[in-house]
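S.K.: Sequence:
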Amino acid sequence: MTRAVGQGEIVRNTDVGLTSVAVDRAVTTIPASQLDEIVGRHALVDLSAGQLLGSHSVGALRVAPGRSRIGLKLAAGRLPTVSLPAGARVTLVETSSDKASETASQLSTFDAVVVAAPKGTNDHGGWLVDVEVDSGNAARLADLASLDRIALVERGR
1 MTRAVGQGEI VRNTDVGLTS VAVDRAVTTI PASQLDEIVG RHALVDLSAG
51 QLLGSHSVGA LRVAPGRSRI GLKLAAGRLP TVSLPAGARV TLVETSSDKA
101 SETASQLSTF DAVVVAAPKG TNDHGGWLVD VEVDSGNAAR LADLASLDRI
151 ALVERGR
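Start counting the sequence shown at 1; every next residue gets the next number (full-length UniProt numbering).
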């Protein structure tokens, strides 16, 4: 690295340099022939000036800017029984805390994308699923999830 690049920043052509080094086989480096695969990618860790790049130092961000990942535990009946693959577009629906006081039109909905297919819990009483949402909705959804007030609905493509 010719200059420091912070985690999440895009690595530019001027940020990387070429050098010859002798390294142990246990040390993973990136050959000069793969320079094009580095430039334009995101730093996955803080990179220091003078540092050798490892193969896992750059790549795609796990969560894009403006997005947040939330893990949900949903009871049976709160999500479809069919397989929901990663990438499925879903709507998270706020469920009523008191069935008599709120109508469906008063409850919030949030668009989301399934990040990892749902997995059954060890007690067989629910499902764990990771979803990605707009960051502006993350705190509200986390609160609703902690209160067990979310249902997941699969949307058509």
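Hints are computed from structural coordinates only; laboratory data are not their basis. Hints are not guaranteed to be accurate.
Claimed, not checked - Derived DEER-like restraints, expressed as beta-carbon distance ranges: (1) D143 to G120: 18 to 26 Å; (2) S97 to A64: 40 to 48 Å; (3) A4 to T109: 41 to 49 Å.
Ideal placement from N, C-alpha and C gives every residue a C-beta, glycine not left out.
S.K.: Now, for every hint given, state plainly whether the structure supports it.
M.R.: Results of checking the hints against the structure:
no. : hint                     : in the structure
1   : D143 to G120: 18 to 26 Å : 25 Å, holds
2   : S97 to A64: 40 to 48 Å   : 32 Å, violated
3   : A4 to T109: 41 to 49 Å   : 43 Å, holds
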